[in-house]
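Enquirer: The listed protein sequences derive, respectively, from chains Y and W.
Residues in the first sequence are numbered from 1 upward in steps of one, following my numbering.
Residues in the second sequence are numbered from 1 upward in steps of one, following my numbering.
It is possible that some hints are incorrect.
Which residues of chain W face chain Y? A few of them, derived with a C-beta cut under 7 Å, are [to be verified]: (1) Thr24; (2) Cys32; (3) Asn41; (4) Leu58; (5) Val61; (6) Pro292; (7) Val297.
Keep in mind the hints are simulated off the structure, nothing from the lab.
For clarity, every value in this text was computed on a predicted model and none was experimentally measured.
We put the beta carbon where it would ideally sit given N, CA and C, even for glycine.
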Amino acid sequence: MPNISRDEVAHLAKLARLAVTDDELDTFAGQLDTILSSVARVGEVAADDIPPTSHSVPLTNVFRADEVRQGLTQAEALAGAPAAEDGRFRVPRILGEEQ
Amino acid sequence: MAYDEVLSRFDPVLGLEVHVELNTNTKMFCGCRNEFGGEPNTQVCPTCLGLPGSLPVLNAVAVESAMRIGLALNCEIAEWCRFARKNYFYPDMPKNFQTSQYDEPIAFDGYLDLELDDGEIVRVGIERAHMEEDTGKSLHVGGATGRIHGAEHSLLDYNRAGVPLIEIVTKTIEGTGARAPEVARAYVTALRDLLRALGVSDVRMDQGSLRCDANVSLKPLGRKEFGTRTETKNVNSLRSVERAVRYEMTRQGAVLAGGGEIVQETRHFQEADGSTSAGRRKETSEDYRYFPEPDLVPIAPSREWVEKLRGTLPEMPWERRKRIQADWSLSDAEFRDLVNAGAVELVASTVDAGASSAEARSWWVSYLTQQANNREVELAELPITPAQVARVISLVAEGKLTNKLARSVVDGVLAGEGEPDEVVDKRGLAVVSDDGALTAAVDEALAANPDIAEKIRGGKVAAAGKIVGDVMKATKGQADAKRVRELVIERCTV
Ligand SMILES: [Zn+2]
Chain Y
1 MPNISRDEVA
11 HLAKLARLAV
21 TDDELDTFAG
31 QLDTILSSVA
41 RVGEVAADDI
51 PPTSHSVPLT
61 NVFRADEVRQ
71 GLTQAEALAG
81 APAAEDGRFR
91 VPRILGEEQ
Chain W
1 MAYDEVLSRF
11 DPVLGLEVHV
21 ELNTNTKMFC
31 GCRNEFGGEP
41 NTQVCPTCLG
51 LPGSLPVLNA
61 VAVESAMRIG
71 LALNCEIAEW
81 CRFARKNYFY
91 PDMPKNFQTS
101 QYDEPIAFDG
111 YLDLELDDGE
121 IVRVGIERAH
131 MEEDTGKSLH
141 VGGATGRIHG
151 AEHSLLDYNR
161 AGVPLIEIVT
171 KTIEGTGARA
181 PEVARAYVTA
191 LRDLLRALGV
201 SDVRMDQGSL
211 RCDANVSLKP
221 LGRKEFGTRT
231 ETKNVNSLRS
241 VERAVRYEMT
251 RQGAVLAGGG
261 EIVQETRHFQ
271 EADGSTSAGR
281 RKETSEDYRY
291 FPEPDLVPIA
301 PSREWVEKLR
311 GTLPEMPWER
321 RKRIQADWSL
331 SDAEFRDLVN
341 AGAVELVAST
351 VDAGASSAEA
361 RSWWVSYLTQ
371 QANNREVELA
381 ELPITPAQVA
391 RVISLVAEGK
401 LTNKLARSVV
411 DGVLAGEGEP
421 DEVVDKRGLA
431 VVSDDGALTA
441 AVDEALAANP
451 DIAEKIRGGK
461 VAAAGKIVGD
471 VMKATKGQAD
481 AKRVRELVIE
491 RCTV
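Start from the sequences, fold in the hints, and give me the full structure.
Expert: Laid out in C-alpha cells, this is it:
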C-alpha cells in the first residue's frame with residue numbers, strides 16, 4: 001500500500017516548481033496516498049499472463065513524410081503568451097537553476 | 001595538480017554523450033521547418049509549442065537516419081521500441097516534458113574504431129543511440145554575463161524546440177591513461193566524419209548541431225570501483241573536448257589528493273581559459289518520472305527495412321581514407337599531414353572534379369592553407385569550392401594561366417569576384433599565348449639589349465634570362481615564361 005510522506009510531497013513540489021505550505025504538505029500527502037491506493041488496486045487483478053500495457057491500440061510504425069507544413073506566424077505564436085519581448089516568450093527568471 | 005601526478009595516482013574513466021541535430025526538412029514530431037538561424041518563433045506550431053489538443057507524429061526520415069547512424073556504429077537495431085516522456089519544468093521545453101527514448105533505444109551495443117594522431121587504433125564501445133527532440137533557446141536578460149545568475153527574466157525562442165536529435169552514448173572508456181583527452185577528441189572527430197559521410201547532419205559544432213558532454217571520473221590506480229563523475233557541458237569545438245577532459249582530470253585529482261570529495265554535478269566549460277565551473281546538481285533519473293509516451297505508437301522496424309538501410313550506408317570515412325591514400329600513393333606521414341590539415345575531403349573532391357591528385361594536394365596544402373591561416377579560418381571554410389580549384393588547375397594545364405596568374409585567379413574567387421573564368425575576364429589575367437605578339441615583344445627586347453642578344457647568339461643561353469624577364473615585364477607577367485624562353489632562343493638561332 002502506498003504511503004506518501006510529507007518529504008516526498010515536498011520533493012515533488014520542488015521538481016514541479018510549486019510553492020507548497022506546511023499545511024498543504026499534510027493535506028496533499030493524505031490525498032495523494034488515497035489516489036495512489038485506489039490506482040494500486042489495478043495491480044491486484046494483474047496476473048503474470050498480462051503484460052504491462054502502454055498503448056491501448058495494437059499499432060506500430062505510424063510515420064509522417066518529412067514535408068514542411070505551414071505552422072504559426074510569430075504573432076500567432078505569441079498571441080496567447082502572458083508576456084513577449086523581441087519576438088520571444090518572456091518568462092520570469094528561474095532561481096538557482098541552470099539547464 | 002600536475003597532469004603527470006594525476007596519472008601516477010589515478011586512472012581516468014570517460015563517458016561521452018554526443019547530441020547530433022539531424023538535417024531533416026522538418027522537426028521530429030511536426031511539420032515545422034528544421035533550419036538554423038530563422039527569426040525567433042517563426043518555425044513553430046501547436047505541437048512543438050505544446051498547445052492543448054495537438055498530437056505528435058513521428059518523422060519517417062528521422063527514424064531512418066537514427067537507424068543508419070546505429071548501423072554505421074555497428075549497433076543492433078531494436079525490434080521494438082518506444083518513446084517516453086522525460087518530465088521536467090523548465091521554460092526551454094514548452095510541453096514541460098521532453099519526448100525522448102529512455103530504456104528502449106532504437107540502436108544499442110556497437111562500437112567505433114578511432115585512429116589517434118600517431119596511428120594507434122582505439123575501439124570505443126557504443127552503449128546506445130536514441131532519438132529525442134531538441135529544446136528551445138533561452139536568452140537571459142539583465143545579468144552581466146548573459147548567464148542566468150543575476151538575470152531579470154528570460155526570453156524564449158522555440159524554433160529549435162522539437163528538432164530531431166540523436167543522442168549517442170559511449171560505454172565506459174577505461175585504460176587510456178595519459179591519452180584520455182586525446183581519445184575524447186579523436187572520438188568526437190571520428191563520429192563527426194562518420195555523420196558527415198552519412199549525410200544525416202550538418203555536424204557544425206559552432207552552430208550547435210553537434211554537441212558533446214564529457215563525463216569524467218578518476219579511479220585510484222589498482223581499484224575496481226569508479227569514482228564519482230562530473231558531466232561537463234557546453235563543449236563546442238574538438239579542441240575544447242580535449243581541454244575539458246584534461247582540465248577535469250587535473251581538477252578532480254587535486255580535490256581527491258587533498259582529501260576532498262567529487263560532487264556529482266553538471267559543469268560548464270569556459271572557452272576563454274579552458275576551465276570548468278560548477279553548474280546544477282544533477283537530478284536523478286527517478287526525478288524525471290519517465291513513462292511511455294501514450295501519443296506515439298511503438299516503432300517496430302522490420303528486418304527487411306533494417307537490411308535495406310544497411311545497403312544505403314556509404315563508404316565509411318576510414319575505408320575511404322585507406323583507399324584514397326593508396327590511390328594517391330602517399331606515405332603514412334604524407335597522408336597524416338593531409339588529414340591534420342583537414343584537406344583530405346577537399347583534395348578528393350578536387351580530384352573528382354577532374355584535377356590530378358598531385359596538383360590538387362599542392363593547392364590545398366600550400367597556397368590555400370596559407371590563405372586559411374591568414375584569415376584564421378578552417379581550410380573547409382574558405383569561400384572556394386573544390387570544383388573551382390579544379391577549374392583553375394585545368395586552366396594552368398591548358399596553358400591559359402601561369403602559376404602566378406592562377407594564384408591571382410584564386411585570390412579573386414576568394415574575394416567573391418565569381419567563378420575562375422569570370423575572374424580571368426574581369427582581371428584580364430589570361431596568358432598572352434599569341435606567338436605573334438610574344439615574338440614582337442621578344443624582338444623588341446633583343447633590339448633594346450644588343451650586347452645580350454650577341455651573347456645568346458654566341459651560345460651563352462644562360463643570358464636569355466634577362467630578355468625573358470623584360471618580356472614578362474612588358475606583358476605584365478601574363479606570358480608563359482617557358483614559351484618566351486623558347487622564342488628568345490629561336491629568334492637568336494635563326
Ligand atoms: Zn511544430
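Enquirer: Evaluate each hint against the coordinates.
Expert: Hints, verified against the model:
The criterion of a C-beta within 7 Å of any C-beta in chain Y is met by threonine 24/W, whose closest approach is roughly 5 Å, and the hint holds. A hinted interface residue such as cysteine 32/W counts as satisfied when its beta carbon comes closer than 7 Å to some beta carbon of chain Y; here the least separation is about 5 Å, so the hint holds. Restraint check, asparagine 41/W versus chain Y: the minimum CB separation of about 5 Å is within 7 Å; hint holds. Contact between leucine 58/W and chain Y, as hinted, is supported at the beta carbon level, the nearest pair being about 5 Å apart and thus within 7 Å.
Satisfaction of the interface hint for valine 61/W is found here, the shortest Cβ-Cβ separation to chain Y being roughly 4 Å, below the 7 Å cut-off. The closest approach between the C-beta of proline 292/W and any C-beta of chain Y is roughly 4 Å, which is under the 7 Å cut-off, so the hint is satisfied. Taking 7 Å as the C-beta contact cut-off toward chain Y, the hint placing valine 297/W at the interface holds, the least distance being around 4 Å.
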